[in-house]
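Chemist: Sequence:
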Amino acid sequence: MRLVTWNVNSLTARLEYVTDWMGTEQPDILCLQETKQSDAAFPDGAFAALGYETAHHGDGRWNGVAIISRVGLEDPVAGFSTEEDDQGTRIIAATCAGIRVHSVYVPNGRSVDSEHYTGKLAWLARLATYLDETCTPSDPVAVVGDFNIAPSDVDVWDPEAFAGMTHVSEPERAALGRLLEWGLDDVFTRFHPDGEVFSWWDYRMGAFHKGHGMRIDLVLLTDPLADRCRSAAVDREARKNRAGNKPSDHAPVVVDLDVD
DNA sequence: ATGGTGGCCCGGCCA
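Per this note's numbering, numbering through the first sequence is continuous, rising by one, with the last residue being 260.
A hint or two may mislead.
[What the hints assert, rightly or not] Here are the simulated SDA-like cross-link-like pairs (lysine to any residue), alpha carbons at most 25 Å apart as the crow flies:
(1) K246 / T19
(2) K240 / N9
(3) K246 / Q26
(4) K246 / G45
(5) K210 / G244
(6) K240 / L50
(7) K240 / R204
(8) K240 / E181
(9) K246 / T95
(10) K210 / D153
(11) K240 / D202
(12) K240 / H209
(13) K246 / G98
(14) K246 / D44
(15) K210 / R239
(16) K240 / H192
(17) K240 / D85
(18) K246 / T24
(19) K210 / A161
(20) K246 / W62
(21) K246 / D39
(22) K246 / A13
(23) K246 / D194
(24) K246 / A46
(25) K240 / Q26
(26) K210 / E196
(27) K240 / P43
(28) K240 / D256
(29) K240 / Y203
(30) K246 / L50
(31) K210 / M165
(32) K210 / G195
(33) K240 / E16
(34) K240 / D39
(35) K210 / R110
(36) K240 / P171
In case anyone wonders, no lab produced these hints; they're calculated from the structure.
With the hints as extra help, turn the sequences into a complete structure.
Modeler: Here's what the structure looks like:
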């Protein structure tokens, strides 16, 4: 089974790019972030034509998350308990082939002295509470998406360049650490222990071609799934121009699992 | 170098 997370930076601008990629790479479960669409505008018909069921949570302009599955999609739940604690359509969950799948778009935080940074830490704490309320680490659970956190310094092209900034701060990494302590595993590190494999590159300053990226798109799995993980990779090709269309600033993270 | 690029949707905001 192929599980993918991809921040597409507007599905309106990227639909054909995404469906072309799906035809080549054949994901079974594809989690998207930053669709930047309302639920009404979400192109569920385009995915249905490819044999996929969908669940989407979006307010139309910012954020927006989706789960796209061809192995079943049951019991979708959008958001946490209130609009306030979700901070703008940032999480959706559904059960696909017995796996409780969560597609998340963690707040960026902007800067460490910002109220948005405080909100980012609060959102991560709410995620931990939500998981505690809705699942257990002995169940097959996947929490995937754009975490806007580089878990360690090897996940950043130049740690010195990020000194004092968001995405690498100790409180953010500690908040991620609490999710891992709960029972989730950042399986990508099993296959790339030395790091230096990134999932996001700034559009500006030729960052992609210079290798100036970060690994902030994560696939977190509970043990029943992590133990069945066969490979994990970033599809850098999808960060390049494809079929004449412009890419997202994120590349898909692709995980293959030995499950039915 | 407070620039640079890209998407929202048309004046700034957000990443």
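Chemist: What are the numbers of the hints the structure violates, in ascending order?
Modeler: Violated: hints 8, 9, 13, 17, 23, 34, 36.
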